[in-house]
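Going line by line, the protein sequences match chains A and B.
Residue 138 in my numbering is what sits at position 138 of the first sequence, and the numbering runs on without skipping anything.
Residue 121 in my numbering is what sits at position 121 of the second sequence, and the numbering runs on without skipping anything.
Keep in mind that the hints were calculated from the coordinates and are not lab data.
Note that the Cβ used here is the ideal one computed from N, Cα and C, for glycine as well.
Treat the hints with care, as some may be off.
[Unchecked claim] Computed cross-link-like contacts, BS3-like style, restricted to lysine-lysine with a CA-CA straight-line distance of at most 30 Å:
#1 B:8 x A:220
#2 B:210 x B:289
#3 A:225 x B:8
#4 B:210 x A:254
#5 B:30 x A:220
#6 B:210 x A:225
[Claimed, not checked] With the Cβ distance kept under 10 Å, some of the chain A side facing chain B (calculated, not the full set):
#7 49
#8 50
#9 61
#10 228
#11 282
#12 285
#13 289
#14 290
#15 329
#16 330
[Said to hold, decoys possible] Reference excerpt, derived from the structure (chain A facing chain B, CB under 8 Å, subset only):
#17 85
#18 86
#19 229
#20 230
#21 257
#22 281
#23 284
#24 288
#25 323
#26 327
#27 331
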Amino acid sequence: MAMRELTMVQALNEALHEEMARDATIFCLGEDVADPYGGAYQITKGLTYKFGAERNRNTPISEAAIVGVAVGAAQTGLRPVAELMYMDFMGVCFDQILNQMAKIRFMLGGQVKLPMIVRGQQGSGRGNGAQHSQSLEAYFFHTPGLLVVQPSNPYDAKGLLKSCLRQDNPVVFLEHKMLYNVKGPVPEEEYLVPLGVAQTISEGTDVTLVATGAMVNRAKAAVAKLAEEGISVELIDPRTLFPLDLDTIVNSVKRTGRCIIVHEAQKRGGIGAEIAAQIMERAFDYLDAPVERLAGLDIPIPYAPHLEKATVPQEEDILRAARRLVREGGLR
Amino acid sequence: MTDFVMPKAGITMDEGTVVSWLIKVGDAFKEGQSIATVETDKSTIDVNANEDGVLLEILVPAGTTVPVGTPIARLGRPGERAEASAPPAPAPRAAGARMRISPLARRMAAERGVALEGLAGTGPGGRILRRDVEAAAAARRPATAPAATAPAAPAPSGAGRRVALTRMRRTIAERMTQSATTIPQFRVSREVDVTRTLAAREALLPLQVKLSFTDFLVQACALALTEHPGVNASFAGAEVIQHEQVNIGLAVAIEGGLVVPVIRDAARLSLLEIGRQREALVAAARSGKLMPDQLTGGTFTISNLGAFGVDSFDAIVNPPEAAILAVGQVVRKPVVAEDGTVVVRPMLSLTVTADHRVLDGADAARFLGSIAAHLTQADQFRLA
């Protein structure tokens with residue numbers, strides 16, 4: 001019998017139901033997360049009915065309060081899951097994330113644990129405009145003290161959320177608005193996805209392709225087309241940005257000699273830059289071409305749909321880059 | 001411009017036959033339009049374009065079978081005109097431009113003993129890539145065994161001490177076999193009266209740097225190579241590459257074999273600078289500390305067996321160089337002077353072995369003549 005398929009929303013919801021049943025210290029908070037509404041994206045649906053209003057609670061529209069409360073609760077024995085309705089709103093609570101959440105364990109000399117998750121959706125594709133379409137993982141990636149998780153499919157989303165709820169460090173968990181309703185196989189049995197382990201989606205010999213978030217599905221489609229053209233691609237989804245599984249990426253590049261990194265976030269200072277630098281440091285003598293980055297344009301994301309689409313890498317961009325890299329040896 | 005390849009239209013498909021081209025060269029097409037019909041072992045299918053464009057060139061005509069992934073046509077962007085397009089040739093390097101080479105290719109070239117100078121790169125801007133080094137390494141094995149029909153040389157019998165080949169020995173064996181079997185070589189020799197050069201060296205002995213006779217040889221060759229740029233060259237198939245710089249390799253005998261460290265840009269160096277480099281390179285060679293980039297890039301080689309009492313010998317061209325100089329020992333000999341009397345002079349035997357694909361007898365003779373002139377007259381040497 002084929003494995004059942006769930007959307008990412010269903011997978012995340014199931015993870016919360018299962019973990020909250022297992023661990024009474026876990027609770028959710030955020031804007032409109034409580035039943036009957038169940039959250040702007042339905043991630044927390046049914047949790048109030050099953051576990052009560054204290055364990056799935058609505059908050060005022062104050063991101064600083066949401067995250068601040070979570071920081072306090074996590075220090076005093078609870079495991080909060082704080083939802084930001086759009087990750088773009090992190091600007092409002094960034095002091096809580098940057099200066100409190102990321103640093104408290106260190107500044108208190110390890111006297112407290114901080115088992116909390118700030119989770120929310122990011123990404124473009126719905127015409128939500130510049131302030132509601134961003135990919136902001138680089139800000140969290142650059143902040144020591146935070147785990148940063150970015151699942152690309154329902155299986156990883158559920159497995160990673162469960163893993164995050166079973167460890168004691170603060171996590172920023174980044175979902176994507178355009179992946180919420182994409183279905184994927186999710187087992188009925190209990191499983192976990194380990195943090196800090198990349199997934200090699202396809203094995204290949206000609207070029208290593210590293211993709212994150214919504215770019216993974218575009219990369220998968222490109223890999224299938226490239227295989228027909230005789231170009232063999234090794235596709236890697238890091239899944240967690242910190243801790244980042246550089247070993248898997250570097251070992252792959254040492255075999256293929258070529259690498260393309262694709263992410264939706266703007267190119268300048270994006271995570272692709274860090275990965276490229278580390279590949280250069282660790283595998284310089286194995287590179288047959290400079291590492292390529294395909295990424296969002298360095299501009300605020302436009303509102304008009306055709307312009308919004310032109311701002312982020314598409315499947316065609318991945319195809320073109322891979323063909324040029326393998327056939328002509330690179331772009332420059 | 002992109003390659004349009006034979007698509008893999010099925011899991012088991014390894015090759016396909018182009019049945020017919022549905023458009024002609026120069027025709028424009030739209031995304032999704034069928035541009036060719038292809039037959040596999042299972043079916044006949046129409047192949048569609050991935051994007052709007054124009055057919056620039058048909059590479060595989062109708063009726064031909066090719067493996068999956070083989071380019072069968074060249075497509076251009078809409079509006080591009082179909083010109084006679086050259087096959088993807090290695091981009092020639094702009095004169096004096098820095099050599100572009102990927103780190104991987106550089107490492108592979110060092111590991112396999114492939115000389116980088118003269119290697120054509122097929123990457124962007126003429127960058128040398130892994131595939132270029134692999135092609136060069138594969139080309140070193142002679143494409144056709146020269147004595148394919150001759151009986152194989154009898155293998156030596158089993159008794160006796162067996163010495164495994166070191167990597168150096170193996171490289172020498174490969175390269176010299178390749179040189180001797182694939183390059184038509186000839187030799188020109190003459191004896192040179194080196195009285196004045198020896199006197200010049202004597203006069204400089206009180207200086208800090210002890211100049212060896214080799215340093216004068218290097219400068220004499222560097223001057224001669226500058227005067228005869230056709231000798232400072234490499235055969236490259238369809239063309240001869242005349243190198244910008246004169247990089248002179250010195251054959252140095254070391255434990256277990258021979259290495260050829262290179263004095264770079266020798267034409268611009270003074271005798272003192274040549275002496276310093278020669279000393280450092282020979283020391284590094286003898287202690288096994290030469291770096292890969294000290295062993296590559298040579299455009300000419302000098303091999304000197306005079307120290308071993310050899311009067312004269314013939315060296316084998318060191319590919320991809322076009323010529324090599326073999327030097328014997330200085331011997332005081334009776335010679336007939338201008339005025340008919342017999343005098344005793346220090347004579348040196350020089351033999352140039354040349355690649356006949358690049359140089360003819362007269363070229364080699366003139367070049368050797370220049371070296372001889374510099375050593376005989378000793379008035380062009382530059383100390384500092």
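Evaluated hints:
Taken as a hint, the residue 8 of chain B and residue 220 of chain A pair is honoured in the structure, with Cα atoms around 17 Å apart against an allowance of 30 Å. With a CA separation close to 22 Å, the supplied pair residue 210 of chain B and residue 289 of chain B stays within the 30 Å bound. Note on residue 225 of chain A and residue 8 of chain B: the hinted pairing holds, with a Cα-Cα distance of about 10 Å set against a maximum of 30 Å. For the suggested pair residue 210 of chain B and residue 254 of chain A, the alpha carbons sit about 47 Å apart, so the restraint of at most 30 Å is broken.
For the suggested pair residue 30 of chain B and residue 220 of chain A, the alpha carbons sit about 25 Å apart, so the restraint of at most 30 Å is met. The hinted pair formed by residue 210 of chain B and residue 225 of chain A fails the criterion: a straight-line CA distance of about 67 Å is larger than 30 Å. For residue 49 of chain A, the interface hint is violated, the least distance from its beta-carbon to any beta-carbon of chain B being 49 Å, above 10 Å. The closest approach between the C-beta of residue 50 of chain A and any C-beta of chain B is roughly 47 Å, which is over the 10 Å cut-off, so the hint fails.
The beta carbon of residue 61 of chain A is not positioned within 10 Å of any beta carbon in chain B (closest approach about 46 Å), and the interface hint is therefore violated. The closest approach between the C-beta of residue 228 of chain A and any C-beta of chain B is roughly 4 Å, which is under the 10 Å cut-off, so the hint is satisfied. A least Cβ separation of about 12 Å between residue 282 of chain A and chain B goes past the 10 Å threshold, and the interface hint is therefore violated. Given the 10 Å rule on beta carbons, the hint for residue 285 of chain A holds: about 5 Å separates it from the nearest Cβ of chain B.
Given hint, residue 289 of chain A at the interface with chain B, holds; its Cβ is 6 Å from that chain's nearest Cβ, closer than 10 Å. Below 10 Å, beta-carbon pairs count as interface contacts, and residue 290 of chain A has one with chain B at about 9 Å; its hint therefore holds. For the restraint placing residue 329 of chain A at the interface with chain B, the shortest Cβ-Cβ distance is roughly 3 Å, inside the 10 Å limit, so the hint holds. Given hint, residue 330 of chain A at the interface with chain B, holds; its Cβ is 5 Å from that chain's nearest Cβ, closer than 10 Å.
Because the smallest distance between the Cβ of residue 85 of chain A and any Cβ of chain B comes to about 39 Å, over 8 Å, the interface hint for this residue is violated. Hint status for residue 86 of chain A: violated, given a least beta-carbon distance of 35 Å to chain B, over 8 Å. Here the hint on residue 229 of chain A is kept, as its CB sits about 5 Å from the closest CB of chain B, short of 8 Å. Nearest Cβ of chain B to the Cβ of residue 230 of chain A: about 3 Å, under the 8 Å cut. The hint holds.
This hint holds: residue 257 of chain A has a C-beta 5 Å from the nearest C-beta of chain B, less than the 8 Å allowed. Taken as an interface hint, residue 281 of chain A does not check out: its beta carbon lies about 12 Å from the nearest beta carbon of chain B, beyond 8 Å. For the restraint placing residue 284 of chain A at the interface with chain B, the shortest Cβ-Cβ distance is roughly 5 Å, inside the 8 Å limit, so the hint holds. Hint on residue 288 of chain A holds. Least Cβ distance to chain B is approximately 4 Å, under the 8 Å limit.
For residue 323 of chain A, the shortest C-beta to C-beta distance to chain B is roughly 7 Å, which falls under 8 Å, so the interface hint holds. Checking residue 327 of chain A against chain B: minimum C-beta separation of about 7 Å stays under 8 Å; hint holds. Residue-level restraint check for residue 331 of chain A holds (minimum Cβ-Cβ distance to chain B is 7 Å; threshold 8 Å).
The structure is inconsistent with the numbered hints 4, 6, 7, 8, 9, 11, 17, 18 and 22, although it conforms to all the rest.
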